[in-house]
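Engineer: Residues per chain, in single letters:
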Amino acid sequence: MINQGVVMEAGMVQGMDTVIDSRHGTILYLEDVSVSFDGFKALNNLSLYIDAGELRCLIGPNGAGKTTLMDVITGKTRPDTGSVFFGQTIDLLQLDEPAIAETGICRKFQKPSVFDALSVFENLQLALKTNKSTWATLFSRLQDEQLARIYEVLATIGLTHLLDKPAGILSHGQKQWLEIGMLLMQDPKVMLVDEPIAGMTHQEVERTAELLLSLQGKHSLVVVEHDMAFVRSIAKRVTVLHEGSVLTEGSMDDVQNDPRVIQVYLGE
Amino acid sequence: MNCSSHIKFFCCGLWLCLSLGFSPLLRAEATRPELLELLRSGTMPDKEAAIEQLANLPDSLELLQALQEGRLMELKADGKLVIVNRPGEPALFSDALSKTVLDNLDKSQLSKINVNNRIRTLLKKAIALQQLNDADAGSRLLAVEALGKLMDQSSAARLAERLQTESDDAVAAAIRRLVLLDQMQNGNKEQRIQAIASLKTVNSQELVNQLQAMTETDGEHFKEADSDIRNLAAAALIEIKGRIQAYAAMETLFFGLSLGAVLVLSAIGLAITFGVMGVINMAHGELMMLGAYTVYVLQQWLPDYLGLATMLSIPVAFIVAGLAGIAIERGIIRHLYGRPLETLLATFGVSLFLQQTVRSIFSPLNRSVSSPDWMSGSWQINDFLSLTWNRFYILIFSLLVFGLLVQILKRTRLGLEVRAVSQNRAMARAMGIPSGQVDALTFGLGSGIAGIAGVALSQITNVGPNLGQSYIVDSFMVVVFGGVGNLYGTLLAGFSLGIANKFLEPYAGAVLAKILVLVFIILFIQKRPRGLFPQKGRAVEN
Amino acid sequence: MKNLDKSFGLVIAVILLVSLLMPLGNLLLPEGSAFKFSAYSISLVGKYWCFALLALSLDLVWGYAGILVLGHSAFFALGGYVMGMYLMRQIGDRGVYGDPLLPDFMVFLNWKELPWYWQGFQHFGFAGLMVLLVPGFLALLFGWLAFRSRVTGVYLSIITQALTYALMLAFFRNEMGFGGNNGLTDFKDILGFSIQSDAVRSLLLLTSGLLLIIALLLGQALAGSKMGKVITAIRDQESRVRFLGYRVEYFKLWIFVFSAMLAGLAGALYVPQVGIINPSEFSPINALEVVIWVAVGGRGTLYGAVIGAILVNYAKTLLTGLMPEIWLFSLGAIFVIVTMYLPRGLVGLFDHWIRRWTAQRQLLTPGAQEAGL
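Residue numbers (the working numbering), protein chains in the order written: chain X, 1 to 268; chain E, 1001 to 1542; chain V, 2001 to 2373.
Derived by calculation from the structure, the hints in this document are not laboratory data. It cannot be assumed that every hint is accurate.
When the alpha-carbon atoms are kept at most 20 Å apart in a straight line, the in silico SDA-like pairs for lysine to any residue are as follows [to be verified]:
no., chain 1, residue 1, chain 2, residue 2
1, E, Lys1527, X, Arg78
2, X, Lys165, V, Arg2235
3, V, Lys2226, X, Lys41
4, V, Lys2226, X, Ser133
5, V, Lys2316, E, Leu1097
6, V, Lys2226, X, Gly53
7, E, Lys1099, E, Ser1154
8, E, Lys1149, E, Leu1097
9, V, Lys2226, X, Ser119
10, V, Lys2226, X, Asn131
11, V, Lys2226, X, Lys236
12, V, Lys2006, V, Leu2016
13, V, Lys2112, V, Leu2141
14, X, Lys129, V, Lys2316
15, V, Lys2226, X, Gln143
16, V, Lys2316, E, Ser1360
17, V, Lys2226, X, Arg78
18, V, Lys2226, X, Ser113
19, X, Lys41, X, Phe121
20, E, Lys1527, V, Leu2203
21, V, Lys2226, X, Leu163
22, E, Lys1527, V, Lys2316
23, E, Lys1527, V, Gly2153
24, V, Lys2226, X, Asp164
25, E, Lys1080, E, Lys1124
26, V, Lys2226, X, Gly173
27, X, Lys236, X, Gly53
28, V, Lys2226, X, Leu138
29, X, Lys165, V, Lys2316
30, E, Lys1527, V, His2352
31, X, Lys111, V, Glu2238
32, X, Lys111, V, Arg2235
33, V, Lys2188, V, Phe2172
34, E, Lys1076, E, Leu1057
35, X, Lys111, X, Gly173
36, X, Lys165, V, Ala2034
37, V, Lys2226, X, Gly168
From just these sequences and the hints, can you work out the full model?
Structural biologist: Below you can see the structure in the form of structure tokens.
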């Protein structure tokens, strides 16, 4: 409901024209980030680097800090210590949520959060990458290429036939797709995807995997998922979080054979 | 003094001399029957002289009091003086001289002995002088106080005399103070300096008046000719005034605390329903109103036992308001959990309903609720500091209620369940806690406390259909300011808002003070949206 | 959706017809005619239009943006006071004390000159501007503070209630210079015409009706625009909108200020028709009544708010006339019943009935499916 911490004003970032300096190949830097709630350390000196165009999977038991990590990147939670940079130059800790979204970091929530009262089309329309100030929004009219883009995304997420139905009537899986569609509409540089396949049928899972794989390269993706088969099907690199810090990092095979990971998942 | 008042003064004096000169029976040592006769048939100056003498005779208190209260009568037939006894005494009439009981008399046979204001003042002094020898120390103290306001040479002498034999410390101190005051005015220079030095630690309005007078001018000259004395008086005055300011601050603090106590009382019920349960109950004020009307009704039933009725209304109001609360919860709020704005509107509807019900039953006018004797009046600590008992008791009462509530939440099974349900309803239910029942009881508890708050309010404010409305905004402000879900925050917020209000009042006026406090809270909430003591953690976010 | 559009048009048509026909009946028909509407009834309907406009403005912030303001009548009262100040200045030397400059209550309080904040209000244009700017500015200030610190839900409601309560206390003070207890009254002229005359009353009714219609159309356009979608989205999932890159606080502020201005306009139209404005207009209970108008009609539909305001006020006029003691009982009952059983208000109820009816008809007549939808 109410966020703690300082809220920065807009204008720090020049909207869509922001140039992300990722010359060193890395697009997202998290260094020594710590967050604590009432003494409980949700993140503990966590450091994580995401490369441009990479598809990274984050796994870890419950309470490992995966969602908190996303909260920190998107500005919902302010870390107690540490630094978070987007590219070489943009200090994300100086920005609030809309400003971060404008720089090109988008997020799909664990619980699908689409706008139930609005139609599928309108949901996508709101996500459209455009000037999002009040006055521009008030007088905005859809351009032809924007309309084309919306239909393109509708086709990608397979909801064209439901475009004028309120999002509230969609199934859980369809809502997940719609939210992924909303990410696509924003044409982000980094997509944070929290548990994308919960509530999906087998076919939908497969299509989601295809979609995510098709997105890498053009976008950087960070996917949080519990379903190991799904992670195996998409991930090249996997990061394992445990008790708020990175336990290990590597290919799925490496990670699955790591005795520490086995211990964390299976217990002593 | 201007010319005309000079003339008036002169005329009065002349008249006084003449009448004194012609008074036939005035002697230094008149007997009691003679004095009584003077009271009956003498002129006003005769009566004055008689009273002066009676004051010095032992055992004339009853007579003087009767005269003061208009109960001294003359038997028309033979001019015998008769005292009409106070109601409740065994005999109706007694002889003023012999004090024997008189039967077979009728009021129509009697005529009243008249007095005028001068004589009444004189009587006051005479009665006080008589009471100076009373067996009861309390009466003696009252007598000394009365004399302090009517000091003259003769009473000063009598006081000094009494001091020799006075056994009670408080009375002796009071007498000593009067004697010192007398010395300060009428003693020799050394005595006066001494008197000022020892008096300046005393808290007395009379002293301040006299010192003030000593430092003032009457146009050209200082009223006090001696400059040493004058300077000493001025210095003493400054010292005392400093103390007066401190006492004034203490009094404001007390007023603030008592207002805070009222706020706390009205807000802690809300802190439970709003803070612990997350339910906005706009009818909270009307539940307080129900409590206040409970006092009224009980006092109507037991008109002869006001104290008992008031004490009894504490548990009764708790039950009445508590049951009303449970009814509201079961009937309405239960269906609206998770929809706080709808709850707010529905309970507002209930509040309108309750208001109109009370209006229809008891009339729209305010009803008067009496305070028991021990709650009225004030605790006079000294001339500059007095605390009204009702506010004092409410302060204690609110702390008691608060303490009790904290203990209930902390130590009882209900308290544990309430906290469990408020933190995680689904989990509590899974553990077998009947959450519906707990909700109803919690709401009943919060509402019952509102009823108790209403009892307290009935002692300091008008009991009417609008009683609740005038407190609801303030109560919400207290809860929000303190931090929702934190009882100690509510306590601190209530007291600090009360004190802030009362300290602002002298500068800004009551209404503006209130506005300033409201504006302050509005701004404060912008800075700290969760109040003074916010709840933290992940659960709060949603 | 079609039902809604139809009802919307119907409401506008009714408002327009009543606003035109009542004045015509009053001005043109001879005495004794059944449709010779009295000046009283014209002002009464004019008052309903103002309340409807107020309800509509609240519906914009509550129904669409989900901000339950319990102090919306404060903006209404401020607009009313601004208009009242203009009307006071028009009295000139015709007051009881005959002072050419100072209103009566200032003379009574022994004030020597007009306070600075009363300057300029003799000009209708300036006053008209202030009708929008004063409530707008208060909303801007308050909203900026509140929305920026992300005060939401019941907290915001309670704080807005405190705000209007504080304003009420302030306006009750004589020192504020707005007539204290008695407020502003005894108006004479508006734009040089007697405020009591039938023609002026008729024109005021017509103006209120037209402005109400314009507001309805504007609100409808707003709700259909992308702005409206963003605001609806904020109501349902505030934080999600933020992650889409919208500055939620600015959007809330925009709609809040817009709505406050509409409320101010409603107040300004209200005052000349009832002839008085006093601090009780700020009272928290008034603000809550506005909320219930919207709730009765059905929030989030605009025309529902209009219907609710008119119905509840008509009931109030009837009941307070017949059995005053019944009114508060009824109002209390309305609050409870609407929140518990009619979450979408009367509009929702009718919508439900119509749907059921058409569904039944479709069942009865096979083949109507294609035609019906």
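Engineer: Verify the proposed pairing of lysine 111 of chain X with glycine 173 of chain X, using a straight-line Cα cut of 20 Å.
Structural biologist: Judged against 20 Å, a Cα distance of about 11 Å means the pair holds.
Engineer: Are the Cα atoms of lysine 111 of chain X and arginine 2235 of chain V separated by 20 Å or less?
Structural biologist: It holds: about 18 Å lies between the C-alpha atoms, which stays within 20 Å.
Engineer: Sort out whether leucine 2203 of chain V lies within 20 Å of lysine 1527 of chain E, counting only the CA atoms.
Structural biologist: violated (47 Å)
Engineer: For a C-alpha distance cap of 20 Å, please report whether lysine 129 of chain X and lysine 2316 of chain V respect it.
Structural biologist: The given pair, whose Cα atoms are some 50 Å apart, is violated under the 20 Å limit.
Engineer: Below or equal to 20 Å on CA atoms is what counts here, so check lysine 2226 of chain V against leucine 163 of chain X.
Structural biologist: Holds: lysine 2226 of chain V and leucine 163 of chain X sit about 16 Å apart, inside 20 Å.
Engineer: Check the hint pairing lysine 1527 of chain E with lysine 2316 of chain V against an upper bound of 20 Å on the C-alpha distance.
Structural biologist: Violated - the C-alpha atoms of lysine 2316 of chain V and lysine 1527 of chain E are around 41 Å apart, more than 20 Å.
Engineer: Regarding the pair lysine 2112 of chain V and leucine 2141 of chain V, is the alpha-carbon distance no greater than 20 Å?
Structural biologist: violated (32 Å)
Engineer: For lysine 1076 of chain E and leucine 1057 of chain E, compute the direct alpha-carbon distance and say whether it is at most 20 Å.
Structural biologist: violated (27 Å)
Engineer: Within 20 Å, alpha carbon to alpha carbon, are lysine 1527 of chain E and glycine 2153 of chain V?
Structural biologist: holds (16 Å)
Engineer: Between lysine 2006 of chain V and leucine 2016 of chain V, does the CA-CA distance stay at or below 20 Å?
Structural biologist: The given pair, whose Cα atoms are some 15 Å apart, holds under the 20 Å limit.
Engineer: Does leucine 1097 of chain E sit within 20 Å of lysine 1149 of chain E, going by the straight-line distance between their CA atoms?
Structural biologist: Violated: lysine 1149 of chain E and leucine 1097 of chain E sit about 30 Å apart, past 20 Å.
Engineer: Regarding the pair lysine 1527 of chain E and arginine 78 of chain X, is the alpha-carbon distance no greater than 20 Å?
Structural biologist: holds (17 Å)
In terms of the numbered hints stated before, the structure departs from hints 3, 5, 6, 7, 8, 11, 13, 14, 17, 19, 20, 22, 25, 26, 29, 30, 33, 34 and 36, listed from lowest to highest.
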